[in-house]
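Trainee: Just so you know, the sequences run in chain order A and B.
At position 82 of the first sequence the residue is numbered 273 (the numbering used here), and the sequence of numbers has no breaks.
At position 29 of the second sequence the residue is numbered 124 (the numbering used here), and the sequence of numbers has no breaks.
Hint data in this document are derived by calculation from the structure and do not stem from the laboratory.
Fair warning: there could be bad hints in the mix.
Once the Cα atoms are required to be at most 16 Å apart in a straight line, the calculated EDC-like pairs of lysine to aspartate or glutamate come out as [as the list claims (entries may be wrong)]:
{"hint": "1", "chain 1": "A", "residue 1": "Lys-262", "chain 2": "A", "residue 2": "Asp-229"}
{"hint": "2", "chain 1": "A", "residue 1": "Lys-194", "chain 2": "B", "residue 2": "Asp-121"}
{"hint": "3", "chain 1": "B", "residue 1": "Lys-98", "chain 2": "A", "residue 2": "Glu-221"}
{"hint": "4", "chain 1": "B", "residue 1": "Lys-209", "chain 2": "B", "residue 2": "Glu-139"}
{"hint": "5", "chain 1": "A", "residue 1": "Lys-194", "chain 2": "A", "residue 2": "Asp-229"}
{"hint": "6", "chain 1": "B", "residue 1": "Lys-209", "chain 2": "A", "residue 2": "Asp-229"}
{"hint": "7", "chain 1": "B", "residue 1": "Lys-168", "chain 2": "B", "residue 2": "Asp-121"}
{"hint": "8", "chain 1": "A", "residue 1": "Lys-261", "chain 2": "A", "residue 2": "Glu-221"}
{"hint": "9", "chain 1": "A", "residue 1": "Lys-246", "chain 2": "A", "residue 2": "Glu-263"}
Far from chain A, some chain B residues (derived; all Cβ distances over 12 Å) [as the list claims (entries may be wrong)]:
{"hint": "10", "residue": "Val-108"}
{"hint": "11", "residue": "Glu-110"}
{"hint": "12", "residue": "Asp-121"}
{"hint": "13", "residue": "Gly-128"}
{"hint": "14", "residue": "Arg-167"}
{"hint": "15", "residue": "Ser-169"}
{"hint": "16", "residue": "Leu-179"}
{"hint": "17", "residue": "Leu-202"}
{"hint": "18", "residue": "Val-212"}
Derived list of chain A stretches under chain B, where covered just means 3 residues or more per stretch with a C-beta under 8 Å from a C-beta of chain B [unchecked claim]:
{"hint": "19", "segment": "223 to 232"}
{"hint": "20", "segment": "260 to 272"}
{"hint": "21", "segment": "297 to 303"}
Beta carbons are placed, not taken as given, at the ideal position from N, Cα and C, and that holds for glycine.
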Amino acid sequence: DVKVTQSSRYLVKRTGEKVFLECVQDMDHENMFWYRQDPGLGLRLIYFSYDVKMKEKGDIPEGYSVSREKKERFSLILESASTNQTSMYLCASSGTGEYSGNTIYFGEGSWLTVV
Amino acid sequence: AQKITQTQPGMFVQEKEAVTLDCTYDTSDQSYGLFWYKQPSSGEMIFLIYQGSYDEQNATEGRYSLNFQKARKSANLVISASQLGDSAMYFCAMREGQDSGAGSYQLTFGKGTKLSVIP
Numbered sequence: 192d193v194k195v196t197q198s199s200r201y202l203v204k205r206t207g208e209k210v211f212l213e214c215v216q217d218m219d220h221e222n223m224f225w226y227r228q229d230p231g232l233g234l235r236l237i238y239f240s241y242d243v244k245m246k247e248k249g250d251i252p253e254g255y256s257v258s259r260e261k262k263e264r265f266s267l268i269l270e271s272a273s274t275n276q277t278s279m280y281l282c283a284s285s286g287t288g289e290y291s292g293n294t295i296y297f298g299e300g301s302w303l304t305v306v
Numbered sequence: 096a097q098k099i100t101q102t103q104p105g106m107f108v109q110e111k112e113a114v115t116l117d118c119t120y121d122t123s124d125q126s127y128g129l130f131w132y133k134q135p136s137s138g139e140m141i142f143l144i145y146q147g148s149y150d151e152q153n154a155t156e157g158r159y160s161l162n163f164q165k166a167r168k169s170a171n172l173v174i175s176a177s178q179l180g181d182s183a184m185y186f187c188a189m190r191e192g193q194d195s196g197a198g199s200y201q202l203t204f205g206k207g208t209k210l211s212v213i214p
């Protein structure tokens with residue numbers, strides 16, 4: 192069974208803390224994504240990566256960075272957490288080549304609260 | 096301009112009735128894909144149905160069907176015989192540029208529609 196695993200389901204962090212959200216996939220996928228989800232705004236892309244050590248900014252990269260040192264792992268980093276980064280974060284992965292329906296897989300989400 | 100527009104923030108439907116969730120999209124690409132996801136309160140994103148821009152027939156998956164009207168750029172989700180377990184957020188999403196290489200595998204999402212099924 193395919194799997195995208197996010198390391199933390201629920202986190203509470205203080206303003207100014209450095210926060211790491213980890214995502215691991217076991218499907219040997221090239222592409223990995225970090226989305227942020229807020230009520231009334233849907234999912235917005237923060238960063239994505241199409242290969243190891245490669246990264247591209249999404250629609251809302253400000254305040255975030257990412258790391259992809261290994262193919263299976265894609266980390267989202269909040270250098271100095273702020274209260275407006277309180278949100279639900281979703282990781283996803285997909286392969287290349289086949290262009291069809293169920294080829295994008297999501298993790299279960301990480302609920303981050305910054306106090 | 097929004098690439099994916101879902102105009103219904105919330106919808107109610109009687110159990111066993113059919114319901115249509117609206118989605119319009121905006122793209123200049125000839126090749127693209129349209130997705131619908133269901134997100135229960137637990138937060139997981141559940142893939143429901145996919146329509147490719149070159150697919151001539153509307154996609155169907157069990158009780159889900161996608162009413163694809165290419166000229167109108169609409170991709171409405173139809174759920175037949177609603178069940179209480181269908182109560183959730185529903186997101187329409189698009190993937191553009193199949194042949195654009197890097198970055199062409201990301202999804203752009205609408206803001207979602209919250210569906211409530213009434214017993």
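Trainee: Next, verify each hint and record whether it holds.
Mentor: Here's how the hints hold up against the structure:
no.: 1; hint: A:Lys-262 - A:Asp-229; verdict: violated, 28 Å
no.: 2; hint: A:Lys-194 - B:Asp-121; verdict: violated, 31 Å
no.: 3; hint: B:Lys-98 - A:Glu-221; verdict: violated, 25 Å
no.: 4; hint: B:Lys-209 - B:Glu-139; verdict: holds, 15 Å
no.: 5; hint: A:Lys-194 - A:Asp-229; verdict: violated, 24 Å
no.: 6; hint: B:Lys-209 - A:Asp-229; verdict: holds, 13 Å
no.: 7; hint: B:Lys-168 - B:Asp-121; verdict: holds, 7 Å
no.: 8; hint: A:Lys-261 - A:Glu-221; verdict: holds, 10 Å
no.: 9; hint: A:Lys-246 - A:Glu-263; verdict: holds, 14 Å
no.: 10; hint: Val-108; verdict: holds, 21 Å
no.: 11; hint: Glu-110; verdict: holds, 26 Å
no.: 12; hint: Asp-121; verdict: holds, 15 Å
no.: 13; hint: Gly-128; verdict: violated, 7 Å
no.: 14; hint: Arg-167; verdict: holds, 21 Å
no.: 15; hint: Ser-169; verdict: holds, 17 Å
no.: 16; hint: Leu-179; verdict: holds, 22 Å
no.: 17; hint: Leu-202; verdict: violated, 6 Å
no.: 18; hint: Val-212; verdict: holds, 20 Å
no.: 19; hint: 223 to 232; verdict: holds (count 4)
no.: 20; hint: 260 to 272; verdict: violated (count 0)
no.: 21; hint: 297 to 303; verdict: holds (count 4)
In summary, the structure is inconsistent with hints 1, 2, 3, 5, 13, 17, 20 from the numbered list given earlier, while agreeing with the others.
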